[in-house]
Each structure stands twice: as structure tokens, then as C-alpha cells.
Amino acid sequence: MKLLKEKYSMRCDMGTCQNIAEFEVDLGGNKRHNLHICRSCFDELYGEMSKVVTPKSPANMVKAAEDRRREWRK
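According to our numbering, the stretch in the sequence shown is residues 530 to 603, in order.
Keep in mind the hints are simulated off the structure, nothing from the lab. Bear in mind that the values here come from a model prediction, so they are computed numbers and not experimental data. There's no promise every hint is true.
[What the hints assert, rightly or not] Below 30 Å or equal to it, Euclidean Cα-Cα: the simulated DSBU-like pairs (lysine-lysine) are:
id, residue 1, residue 2
1, Lys592, Lys580
2, Lys592, Lys536
3, Lys592, Lys560
4, Lys531, Lys560
5, Lys534, Lys580
[As the list claims (entries may be wrong)] Label pairs and their in silico Cβ distance ranges:
id, residue 1, residue 2, range
6, Met530, Glu573, 14 to 22 Å
7, Glu595, Met530, 26 to 34 Å
8, Asn548, Lys580, 35 to 43 Å
9, Thr583, Glu551, 24 to 32 Å
Even glycine gets a Cβ: it sits at the ideal position worked out from N, Cα and C.
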């Protein structure tokens, strides 16, 4: 799956949105099954996804790795 800039003037595929798509989500199959999405729908989708998937900060990842190493050595 890849996020690409939309090359052509396509309508947004999200619900009843009538905006012009700025992004294309390449699903890795047939080109006509790709998702075309405008900036406002993209921002709204990103906001909803961030409520479910929260990236860990790099400092926490390093600390967790160090803790695992210490536990492994014991």
C-alpha cells in the first residue's frame, strides 16, 4: 500500500464529498480500485486513525529496548 499524489483530476471517493482528490492510495492491485481522497477527508481520516493508533516516541522505544536487554541478561 502506498500513498501517492493524485496525478489526474478525480473526485474524492469518501462518502458524499464532492471535492477534487489530492491523494491516491495505491492498494497494490487494479488501478481502478485505488482510493482517491481530498485533503479535508484525508485530514479527518488521519485524525480518526490517530485516536486508535498512537505512535510511540523514540525515547520510549529506546527505554523499552534497554529494559528488554536487561531482563534478557538476568
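These are the hints, each one checked on the structure:
The hinted pair formed by lysine 592 and lysine 580 meets the criterion: a straight-line CA distance of about 24 Å does not exceed 30 Å. Distance check on the hinted pair: lysine 592 and lysine 536 sit about 42 Å apart at the alpha-carbon level, beyond 30 Å; violated. The straight-line distance between the Cα atoms of lysine 592 and lysine 560 is roughly 42 Å, outside the 30 Å bound, and the hint therefore fails. Distance restraint check for lysine 531 and lysine 560: the Cα-Cα separation of roughly 12 Å lies within the 30 Å cut-off, and the hinted pair is therefore satisfied.
Restraint check: the Cα-Cα separation between lysine 534 and lysine 580 comes to about 25 Å, which is no more than 30 Å; the hinted pair holds. As the Cβ distance of methionine 530 to glutamate 573 is approximately 19 Å, the hint placing it in 14 to 22 Å holds. Checked against the hint of 26 to 34 Å, the C-beta distance between glutamate 595 and methionine 530 comes to roughly 32 Å, which is consistent with it. In this structure the hint that asparagine 548 and lysine 580 lie 35 to 43 Å apart at CB is violated, the actual value being about 23 Å.
With their beta carbons about 25 Å apart, threonine 583 and glutamate 551 fall inside the hinted range of 24 to 32 Å.
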